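> This is what each chain is made of:
There are 2 protein chains.
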Amino acid sequence: MSLDYKQAGVDYAQIDPLKILAQRAAAATAGNLARHGLIEVAASRGESAYVVDCGEFYLASITECLGTKALVADAMRAITGRTYYDRIAQDTLAMAINDIVTVGATPVSVHAYWATGGSDWFADEARARELVEGWKAACDACGVAWGGGETPALAGVVAPGRIDLAASCVGIVRPKSRLTLGEKLAAGDAIVLLASSGIHANGVSLARKLAERLPDGYATKLGDGTLYGEALLAPTVLYSPVTEALAAAGIVPHYCANVTGHGWRKLMRHPGAFTYRIHTLPPVPPVLQFIQREAQIDAREAYGNLNMGAGFALYVAAEDAERAAQIARAHAIDAWVAGRVEAGAKQVVIEPLALTFGGEDLHVRL
Amino acid sequence: MSLDYKQAGVDYAQIDPLKILAQRAAAATAGNLARHGLIEVAASRGESAYVVDCGEFYLASITECLGTKALVADAMRAITGRTYYDRIAQDTLAMAINDIVTVGATPVSVHAYWATGGSDWFADEARARELVEGWKAACDACGVAWGGGETPALAGVVAPGRIDLAASCVGIVRPKSRLTLGEKLAAGDAIVLLASSGIHANGVSLARKLAERLPDGYATKLGDGTLYGEALLAPTVLYSPVTEALAAAGIVPHYCANVTGHGWRKLMRHPGAFTYRIHTLPPVPPVLQFIQREAQIDAREAYGNLNMGAGFALYVAAEDAERAAQIARAHAIDAWVAGRVEAGAKQVVIEPLALTFGGEDLHVRL
Numbered sequence: 001m002s003l004d005y006k007q008a009g010v011d012y013a014q015i016d017p018l019k020i021l022a023q024r025a026a027a028a029t030a031g032n033l034a035r036h037g038l039i040e041v042a043a044s045r046g047e048s049a050y051v052v053d054c055g056e057f058y059l060a061s062i063t064e065c066l067g068t069k070a071l072v073a074d075a076m077r078a079i080t081g082r083t084y085y086d087r088i089a090q091d092t093l094a095m096a097i098n099d100i101v102t103v104g105a106t107p108v109s110v111h112a113y114w115a116t117g118g119s120d121w122f123a124d125e126a127r128a129r130e131l132v133e134g135w136k137a138a139c140d141a142c143g144v145a146w147g148g149g150e151t152p153a154l155a156g157v158v159a160p161g162r163i164d165l166a167a168s169c170v171g172i173v174r175p176k177s178r179l180t181l182g183e184k185l186a187a188g189d190a191i192v193l194l195a196s197s198g199i200h201a202n203g204v205s206l207a208r209k210l211a212e213r214l215p216d217g218y219a220t221k222l223g224d225g226t227l228y229g230e231a232l233l234a235p236t237v238l239y240s241p242v243t244e245a246l247a248a249a250g251i252v253p254h255y256c257a258n259v260t261g262h263g264w265r266k267l268m269r270h271p272g273a274f275t276y277r278i279h280t281l282p283p284v285p286p287v288l289q290f291i292q293r294e295a296q297i298d299a300r301e302a303y304g305n306l307n308m309g310a311g312f313a314l315y316v317a318a319e320d321a322e323r324a325a326q327i328a329r330a331h332a333i334d335a336w337v338a339g340r341v342e343a344g345a346k347q348v349v350i351e352p353l354a355l356t357f358g359g360e361d362l363h364v365r366l
Numbered sequence: 001m002s003l004d005y006k007q008a009g010v011d012y013a014q015i016d017p018l019k020i021l022a023q024r025a026a027a028a029t030a031g032n033l034a035r036h037g038l039i040e041v042a043a044s045r046g047e048s049a050y051v052v053d054c055g056e057f058y059l060a061s062i063t064e065c066l067g068t069k070a071l072v073a074d075a076m077r078a079i080t081g082r083t084y085y086d087r088i089a090q091d092t093l094a095m096a097i098n099d100i101v102t103v104g105a106t107p108v109s110v111h112a113y114w115a116t117g118g119s120d121w122f123a124d125e126a127r128a129r130e131l132v133e134g135w136k137a138a139c140d141a142c143g144v145a146w147g148g149g150e151t152p153a154l155a156g157v158v159a160p161g162r163i164d165l166a167a168s169c170v171g172i173v174r175p176k177s178r179l180t181l182g183e184k185l186a187a188g189d190a191i192v193l194l195a196s197s198g199i200h201a202n203g204v205s206l207a208r209k210l211a212e213r214l215p216d217g218y219a220t221k222l223g224d225g226t227l228y229g230e231a232l233l234a235p236t237v238l239y240s241p242v243t244e245a246l247a248a249a250g251i252v253p254h255y256c257a258n259v260t261g262h263g264w265r266k267l268m269r270h271p272g273a274f275t276y277r278i279h280t281l282p283p284v285p286p287v288l289q290f291i292q293r294e295a296q297i298d299a300r301e302a303y304g305n306l307n308m309g310a311g312f313a314l315y316v317a318a319e320d321a322e323r324a325a326q327i328a329r330a331h332a333i334d335a336w337v338a339g340r341v342e343a344g345a346k347q348v349v350i351e352p353l354a355l356t357f358g359g360e361d362l363h364v365r366l
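Heads up: the protein sequence lines correspond to chains L and G, in order. Just so you know, we're using the numbering used here here: the first sequence kicks off at 1 and counts up by one. Just so you know, we're using the numbering used here here: the second sequence kicks off at 1 and counts up by one.
FYI, nobody ran anything at the bench for these hints, they're computed from the structure. Hints are supplied without guarantee of correctness; some may be wrong.
Each pair may be met inside one copy or between any two copies, as identical chains are not told apart.
As the list claims (entries may be wrong) - With a straight-line cut-off of 20 Å between C-alpha atoms, the simulated SDA-like cross-links for lysine to any residue are:
no.	residue 1	residue 2
1	K184	G344
2	K19	A137
3	K176	G37
4	K19	D120
5	K209	K221
6	K19	E125
The structure displayed is predicted, hence computed values, not measured ones.
Produce the complete structure using the sequences and hints provided.
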């Protein structure tokens, strides 16, 4: 029997009405900025980070949640004795940083949100130390300052023995010409896909559900001998070194999409009506091949929910495409000039799989 | 038998080593900002918000947690049928906004972090609507834009039926002369205390523990007939309208302290060695009188952990003190010129209670 998202425990039909209410209320607060001589960049509503025009530059901000990936680390600790929280730290920061860079921002500072089910969580020294070390290493990799954070013990709110991890990030867009909200996207642009390292932190509910029905659970060996749980814990790639290097090289993407929930449907996140035609598929990381096979999900379900090897998409002028890919590779992130933007109905056409996602398959806006 | 914090379930001895590790690692990331032509304001480390010098202005940021106060709302719903999540929303935002204004920042935008134990949390329409409405109202009251947020369903991480609430806030300090990190604090300055509305969101673990041992729990009536639980749910005062009005009136505080955890010990939060002598006590809100009496805690325990009627402290030049208090009152927040800063050992002397907290009673820095 195949697994799907509702079985994995997340029912968007229950969450979406609240989200819409909240988005409308949030949009209605824009006028408050006038009191401070500031103005919202309205086109950032619905994008991956919020942008305010501060005159000399744009200010971008974001708060992002890790999700349930720490539960995989907790389960794997019982199997291998490692904590994996250095990786979990990178995953959490990547959620915020990979989103904020989509609007053209340089991430400047981050705050940590580490809410636990009780003070005893922090008494596990190895785990606490690796969480701190991984967080710092990810900050250093992205050139951001770790400004502070919260480490509350919330018995009764967070489950016993667990931790709820999130990150907030502030960035600046300077010069203002780096702002990437999609106005420049045009037919003829190239789509450059940047490699993922594995599942990253989206689709983890499905991956956890799958572990429950494998006889060896997270200890199941993949073809190369890696344990399923360890493969899931490959840390999310941090893409800000690439976006910063592109800016330094004079390449301003016409749009960026962080491939997270909704998988490749996110490739049509841009608000306009374009067809995104993919001619080249990145190799699928073994752990995602394994999930697709063992969860018995078809290509539509897999590419519609998982990153399938592409963690981030850059939309650039065709003449910049190969150079953009080279810049990513120079930062040890594989990259492919994988498709192009065309005039036409809003859809993602994955030619090698004869698979099409229509505009109705993605609802990320009001 | 009296109640104390360890009985209430928070053991700082377990959390503090991790906090110190994290603070050291965070401080070591400051140099990353040089890559972007920015510089950290090192004096903001250990203060209530992180500050970066962006040239034209300072950028301040913060992420803050509500804590366990939503559990009181959940319990009260069973008693009165009201959700109280409009108030809980204000509490959550107040945690971030009242902190960020201490450094002289104008709060600009906020992100919501609403992590639930499952999608079903959001299916309760009245509660979800009141959470949204209260959040928006608090944003409007403070003149901040609600930029976005996260509403994850985290079964297995957040406890079933519960919500983990936090807020992040970005602010700017402009003109830069508004920066309030304490350099100007001097003997002779006045201490102006601003009224709290009740317990705010600190000391709630103690208040919840007390409810467990009252025969009528949260339904216990206070002297004026208010239910204990409802009195606890008076929303935290938002102080940013006062700090903004002070700036508009040309009063730049020499220091500010948000009176949260550690109660009046926070009055000596400033890094320098000064004696803070209090000659006038604000009236104690009935709910805090009730807690002190019923939990059988003495004045030292009460003033050392609860706000006891003073939610925020302004340290201003003596000649500005009365005017600062008047500005607060004009914003419907009672205020008292309650004490003065003196040369001398680091301590808070509460003369009307013959109570002294020494510098060793507060550890909020490395």
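> Now, for every hint given, state plainly whether the structure supports it.
How the hints compare with the structure:
1. K184 / G344: For K184 and G344, only the intra-copy Cα distance (16 Å) is at most 20 Å; the inter-copy one is 62 Å.
2. K19 / A137: between (33 Å within a copy, 17 Å between copies)
3. K176 / G37: both (18 Å within a copy, 15 Å between copies)
4. K19 / D120: between (34 Å within a copy, 13 Å between copies)
5. K209 / K221: within (17 Å within a copy, 48 Å between copies)
6. K19 / E125: Answer is between; shortest inter-copy Cα gap is 12 Å, intra-copy 38 Å.
Of the numbered hints listed earlier, not one is contradicted by the structure.
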